[in-house]
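Asks: Chains as they are written, first to last, in the numbering used here: chain A, 1 to 304; chain B, 1 to 235; chain C, 1 to 225.
No wet-lab data here; the hints were simulated from the structure. Just so it is clear, CB atoms sit at the ideal spot from N, CA and C, and this is done for glycine as well. Take these hints with a grain of salt, some might be off.
[Unchecked claim] Computed beta-carbon distance windows for the label pairs:
id, chain 1, residue 1, chain 2, residue 2, range
1, C, Leu19, A, Asn264, 36 to 44 Å
2, A, Gly35, C, Leu19, 52 to 60 Å
3, B, Pro47, A, Gly189, 28 to 36 Å
4, A, Ala268, B, Ala201, 30 to 38 Å
[Stated by the list, open to error] To list a few chain A residues with every Cβ distance to chain C over 12 Å, as calculated:
id, residue
5, Leu130
6, His286
7, Gln298
8, His300
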Amino acid sequence: MIRKTGSMWLTAALAVIVTVAACGGTSSPGTTSKGTLTVAGFNFPESSILAELYGQALAHDGYTVNYKLLLGTREVVAPAIKSGQIDLYPGYAATELEYYNGGAGEATGDATATTAKLNGHLQSLGLEALTPSAAVDQNAFAVTKATQAKYSLTKLSDLAPIGNELVLGAGPECPTRPFCEPGLKTTYGITFKDFKALDTDGPLTRAAFKNGTIQVGLVFSSDADLNALGLVVLQDDKHLENADNVVPIIRQTVATSEVTSVLNKIDAGLTTADLVTMNGQVELLHQDADAVAAAYLQQHNFFS
Amino acid sequence: MAIVESVMRWLADPAHWQGSDGIPTRLVQHVQLSGESVAIGALIALPIGIGLGHFGRFGNLAINISNVGRAVPSFGILVLAFQVFGLGDLPIVIALTALAIPPMVTNSYVALREVDPDVKDAARGMGYRRWAQLLRIELPLAVPLIMAGVRTSAVQVVATAALAALIAGGGLGRYIIDGLAQQDYTKEFAGALLVAALALATEALLWGLQQLLVPRGIRLLQVPASRRATTFKTA
Amino acid sequence: MAAPIFLDIVDPWVNWDWLSTHIPTVLAALGQHVTLTAIAVAGGLAISLPLGIAANRWPNLHLRPAELAVFGGFYTIPSIALFALLIPYTGLGTVTAEIPLIGYNVLILLRNILVGLDAVPRDVIDAANGMGYRPLARLLRIELPLALPAIFAGLRVATVSTIGIVTITAVIGLGGLGQLIYKGLIESFHTPLVVATVLSILLALVADVALAGVGRLAVPWSRGA
Numbered sequence: 001m002i003r004k005t006g007s008m009w010l011t012a013a014l015a016v017i018v019t020v021a022a023c024g025g026t027s028s029p030g031t032t033s034k035g036t037l038t039v040a041g042f043n044f045p046e047s048s049i050l051a052e053l054y055g056q057a058l059a060h061d062g063y064t065v066n067y068k069l070l071l072g073t074r075e076v077v078a079p080a081i082k083s084g085q086i087d088l089y090p091g092y093a094a095t096e097l098e099y100y101n102g103g104a105g106e107a108t109g110d111a112t113a114t115t116a117k118l119n120g121h122l123q124s125l126g127l128e129a130l131t132p133s134a135a136v137d138q139n140a141f142a143v144t145k146a147t148q149a150k151y152s153l154t155k156l157s158d159l160a161p162i163g164n165e166l167v168l169g170a171g172p173e174c175p176t177r178p179f180c181e182p183g184l185k186t187t188y189g190i191t192f193k194d195f196k197a198l199d200t201d202g203p204l205t206r207a208a209f210k211n212g213t214i215q216v217g218l219v220f221s222s223d224a225d226l227n228a229l230g231l232v233v234l235q236d237d238k239h240l241e242n243a244d245n246v247v248p249i250i251r252q253t254v255a256t257s258e259v260t261s262v263l264n265k266i267d268a269g270l271t272t273a274d275l276v277t278m279n280g281q282v283e284l285l286h287q288d289a290d291a292v293a294a295a296y297l298q299q300h301n302f303f304s
Numbered sequence: 001m002a003i004v005e006s007v008m009r010w011l012a013d014p015a016h017w018q019g020s021d022g023i024p025t026r027l028v029q030h031v032q033l034s035g036e037s038v039a040i041g042a043l044i045a046l047p048i049g050i051g052l053g054h055f056g057r058f059g060n061l062a063i064n065i066s067n068v069g070r071a072v073p074s075f076g077i078l079v080l081a082f083q084v085f086g087l088g089d090l091p092i093v094i095a096l097t098a099l100a101i102p103p104m105v106t107n108s109y110v111a112l113r114e115v116d117p118d119v120k121d122a123a124r125g126m127g128y129r130r131w132a133q134l135l136r137i138e139l140p141l142a143v144p145l146i147m148a149g150v151r152t153s154a155v156q157v158v159a160t161a162a163l164a165a166l167i168a169g170g171g172l173g174r175y176i177i178d179g180l181a182q183q184d185y186t187k188e189f190a191g192a193l194l195v196a197a198l199a200l201a202t203e204a205l206l207w208g209l210q211q212l213l214v215p216r217g218i219r220l221l222q223v224p225a226s227r228r229a230t231t232f233k234t235a
Numbered sequence: 001m002a003a004p005i006f007l008d009i010v011d012p013w014v015n016w017d018w019l020s021t022h023i024p025t026v027l028a029a030l031g032q033h034v035t036l037t038a039i040a041v042a043g044g045l046a047i048s049l050p051l052g053i054a055a056n057r058w059p060n061l062h063l064r065p066a067e068l069a070v071f072g073g074f075y076t077i078p079s080i081a082l083f084a085l086l087i088p089y090t091g092l093g094t095v096t097a098e099i100p101l102i103g104y105n106v107l108i109l110l111r112n113i114l115v116g117l118d119a120v121p122r123d124v125i126d127a128a129n130g131m132g133y134r135p136l137a138r139l140l141r142i143e144l145p146l147a148l149p150a151i152f153a154g155l156r157v158a159t160v161s162t163i164g165i166v167t168i169t170a171v172i173g174l175g176g177l178g179q180l181i182y183k184g185l186i187e188s189f190h191t192p193l194v195v196a197t198v199l200s201i202l203l204a205l206v207a208d209v210a211l212a213g214v215g216r217l218a219v220p221w222s223r224g225a
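Pulled out of the complex, with its shape left as it was, chain A reads as follows (with noise of 0.2 Å):
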């Protein structure tokens, strides 16, 4: 009896050699890299793609890249920054204006200036934001193309006398958002029946479209599978969402000369139609965030 205890400890050192083991955990690259940035990205694919085109660049040109994507809404991924738990994230210039600067109302269609304000903003939490891109990608509200005749609408004033009627559906941190139901309200005057909690443009909202559920749902006007989903985008008659143009918010500290260079190289030579694109391979052909990205920097010589 006393002898076979020895085999009890001896499992328990098998145990425990076995999880320091599992412990290793990765290895550090020996070669001399030039920093470390951990960059982050929303919950959805159009900024897993950007995430991967900051990140990819990056890597190219010397620095070891971390990734945090699908991390979350702004909420989630702004407190990230401010503690410094991420460097870097692909903002949208007038969303992150509005949620900087407590829901203000200080954005506006001009995207240079919009990013000037949000500077301002972003200043004292050590954060900046880079150049915008020409990319745009903004709220947009959308209906089944049975409602939108049903109704006979175009714009989104057209919902003022119906919204009680009508149900919303979006991410849960649209009643709180000033570009959401918010602004629906206090700039259109539309007062929905309900609000349905569902995602931020994914597919609980497209399944919610399908069931009828929702009869107005919070869409992204870069998606690409709009047409096939039988969604049609009401216009923003009243300017309620802004410049939403894609710029890269940054930690001050690793924001040296070459990281923003090579991230405002990127963003120069974006445009709203290459990131339709990209989202369609990534929504419609189901090709990888990070395959999607590198075909893209590969194809803009960015690799070269």
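Following the hints, position chains B and C against chain A.
Replies: Quick look at chains B and C alone, frame taken from chain A:
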């Protein structure tokens, strides 16, 4: 701690007790989803477990169902259910029922197996036929362990139902998921507390029910812990 | 009625093409999953063992009800809430994932350790004392070995439980197979979802069988668990 204070205030706010996002509405949704899942699960699991245990057949299968069932990740099964069945309560109930079945199968199987063979012999000797033996002798003796399985299932279903909000489901989990998306820690914490409280209440309620159902004069059968599905966490 | 044509998911449940080109991604997720689980179970054991031993050894300190109440209460809180609430304090890494996982495992293992130690027959303890064993030696050489079947049962439940809950950490950007599940959800793509779910089940089954085997090896004197 500041967050405890703000949670208390959140819970005390009358605005949070009304409307389609109010606590009573969410509570009812949560109880409905959980209750349906456990009830359907019991309807499927208990006859199987009791039958297998009574006839002493396929014991390995009964135990293995439990093993495989415990191994199913709740997040994965919920997303799969959504992709197959779409939105609404149906995918949620299906996923939760699948998670509820294993502990009930195992426990009811073991419960029937553990009935003292001498007692069964005595019953046969006294002239009990098959069905009467099952219903009047074996089941009452097996009740404690069967109820333990139902309790384990129910508590885990209540906790896992919080994840239903990830596929646009209702229930108390909505506060957690919405709070996360809105970075409203107070709402998140309050939601977590409410779910935890409901899980504890479920445990207490079913324990009370068990006490009612166990015939007087029966001691709790001592089944070794290694064979009981006593603890089980899926979310 | 002319219904609009919606884009149904027409891809198969498993796209073998995708799988064959993404083996490294899947294996990386699996490896991360294993690591997170191993840390959680080892951590849970490291904490629950001393707690259980102390509660058993000094019953008059009423440690048992206190320990079970604290960890039992923790156990009822849904993991998704704990992960999300910890992020501002412990960041986006492994620590945030491990604190709730370890906490849950402490309860599971503690219950089983207590049952195991309780089940050591009184006369065995008396005999050991009579043979001159000091309490520590008695614990290490008599009581714990006899409690092993219960402890291993607890390890099996803890491990399988943890493997399932680790998938949930993907919702807050942490790792493991859950990331593939989340990717499958967001991109309306079946394959990573199915692959990750199946792998998670297989991993849990393999771990369960392996632990059962190790358990039997460690207690050659008992009739098997």
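Asks: Indicate, hint by hint, whether the structure satisfies it.
Replies: Hints, verified against the model:
1. C:Leu19 with A:Asn264: 36 to 44 Å: holds (38 Å)
2. A:Gly35 with C:Leu19: 52 to 60 Å: Distance hint for glycine 35 of chain A, leucine 19 of chain C is violated at roughly 35 Å.
3. B:Pro47 with A:Gly189: 28 to 36 Å: violated (58 Å)
4. A:Ala268 with B:Ala201: 30 to 38 Å: Since the Cβ atoms of alanine 268 of chain A and alanine 201 of chain B sit about 59 Å apart, the hinted range of 30 to 38 Å is violated.
5. Leu130: Leucine 130 of chain A clear of chain C: closest Cβ-Cβ about 23 Å, beyond 12 Å.
6. His286: violated (5 Å)
7. Gln298: holds (17 Å)
8. His300: Given that every Cβ of chain C is farther than 12 Å from that of histidine 300 of chain A, nearest at about 24 Å, it holds.
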